[in-house]
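Residue numbers (this note's numbering), protein chains in the order written: chain X, -11 to 218; chain E, -11 to 218.
No lab work stands behind these hints: they were computed from the structure. Treat the hints with care, since some could be wrong.
To give an idea of the chain X side of the interface with chain E (calculated C-beta under 10 Å), a few residues [said to hold, decoys possible]:
(1) R40
(2) F51
(3) Q76
(4) R85
(5) R87
(6) R171
Even for Gly, the Cβ is constructed at its ideal location relative to N, Cα and C.
Protein chains: 2
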Amino acid sequence: MTTVPSAAASRLADAGYRRFLTDLFGVMAYGELSAFERLSFDARFSPTLHDRTTLGRMAVAEFRHYELVSERLAGMGTDVETAMAPFQPAIDAYHQRTRPGDWYESLMKAYVNDAISADFYRTVADRLDPDTRELIGRIHEQEQGDVLLGRLRTALAEDPALGSRLALWGRRLVGEALIQTQRIGVEHSFLGELMRDGRGAQQDADAVAPLLSRLTANHSRRMHALGLTA
Amino acid sequence: MTTVPSAAASRLADAGYRRFLTDLFGVMAYGELSAFERLSFDARFSPTLHDRTTLGRMAVAEFRHYELVSERLAGMGTDVETAMAPFQPAIDAYHQRTRPGDWYESLMKAYVNDAISADFYRTVADRLDPDTRELIGRIHEQEQGDVLLGRLRTALAEDPALGSRLALWGRRLVGEALIQTQRIGVEHSFLGELMRDGRGAQQDADAVAPLLSRLTANHSRRMHALGLTA
Chain X
-11 MTTVPSAAAS RLADAGYRRF LTDLFGVMAY GELSAFERLS FDARFSPTLH DRTTLGRMAV
49 AEFRHYELVS ERLAGMGTDV ETAMAPFQPA IDAYHQRTRP GDWYESLMKA YVNDAISADF
109 YRTVADRLDP DTRELIGRIH EQEQGDVLLG RLRTALAEDP ALGSRLALWG RRLVGEALIQ
169 TQRIGVEHSF LGELMRDGRG AQQDADAVAP LLSRLTANHS RRMHALGLTA
Chain E
-11 MTTVPSAAAS RLADAGYRRF LTDLFGVMAY GELSAFERLS FDARFSPTLH DRTTLGRMAV
49 AEFRHYELVS ERLAGMGTDV ETAMAPFQPA IDAYHQRTRP GDWYESLMKA YVNDAISADF
109 YRTVADRLDP DTRELIGRIH EQEQGDVLLG RLRTALAEDP ALGSRLALWG RRLVGEALIQ
169 TQRIGVEHSF LGELMRDGRG AQQDADAVAP LLSRLTANHS RRMHALGLTA
């Protein structure tokens, strides 16, 4: 459980890559832990017991992801709590500024968070060692996004008035997510390092800009697919 | 996963026992689901990230218990949501009336809930078929109670003023738990049936009384063991 996979071992000898990986795993771990807590709490407001257990099951999956990342950090000899701490302010701020008003907003939030993280990890995947890529692939299965998308479609079909509210809410979610991603990019060099990779010296904030615009474009596409104006 | 264990199958032919088991599993399932949601939310207020993940892990265990009971109901051909519904008002009322004011109260609540449920299941165990007894044994492992007890002891040693507040809180918790247990006893015959077992016709409320006094006595013993006045 706590051994470092061999393919990662060579790159882990590089102190810069180790530092980068510690940050990446730290932000992932805290993101998963927070998602677990928020999702399981929001589940209580579900319209049916069935929805409640569906969201509960997703929350439990988030906690398992937290444990997977945590084990990987332990294998690197790094304490998960130390690795998470620097990212706590940005992620806490995101959640404080995007408290869902009801269950549908909470469902939308889970969908947007899941999609944006998947996008982000897809973007950085080819800059990672194969074992880290494999870990991230295991964490971001398509399945959860599909369940959320299906449930959102049903809700929107049942109540067409929900659409404009959720479109607005989606814009707010993605806006806050980008603000906090940028904040992480400015406060911690790891995002900048990642995006700048092999493209010379740029300011961290500039290096992160193309990532942000890609996340925004993908978000718009997803909202359109839901029939919402993004 | 969804087959009925053989030893239970014969007693399940008895419609009365089936009805009783449906109620028992229904109240257990909803209790576990609610405990999962509350515990994972309260975890956010933990003083350290370490405490946060410890409570999170416990919450995940509660959800696994919910799934175990849910599978057993499915094996009986009973829908878990239908089985849970009658017990939702009493369990929701318990949680609404015992909202922890901080993390220590939440820790105490988890400890008291865990101990009272374990007590309750110990009391009824010898009236159940072996497979149901085995299921309940798996769900109520000693481990969780020990972790909570250890953490409470540390907290009380670090801050002696916490003792009087938690003693008061413990009394309130057990009081509300007994009120809701009695309510379930009056509203649903299954508890009365269980306690009356082989002791002739009694009113449900009277049949439940010895159970309530046993739960109270055990609670007092546990509070004393923690150095608290119960």
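Against the structure, the hints come out as follows:
| no. | hint | result |
| --- | --- | --- |
| 1 | R40 | 7 Å, holds |
| 2 | F51 | 5 Å, holds |
| 3 | Q76 | 8 Å, holds |
| 4 | R85 | 16 Å, violated |
| 5 | R87 | 13 Å, violated |
| 6 | R171 | 20 Å, violated |
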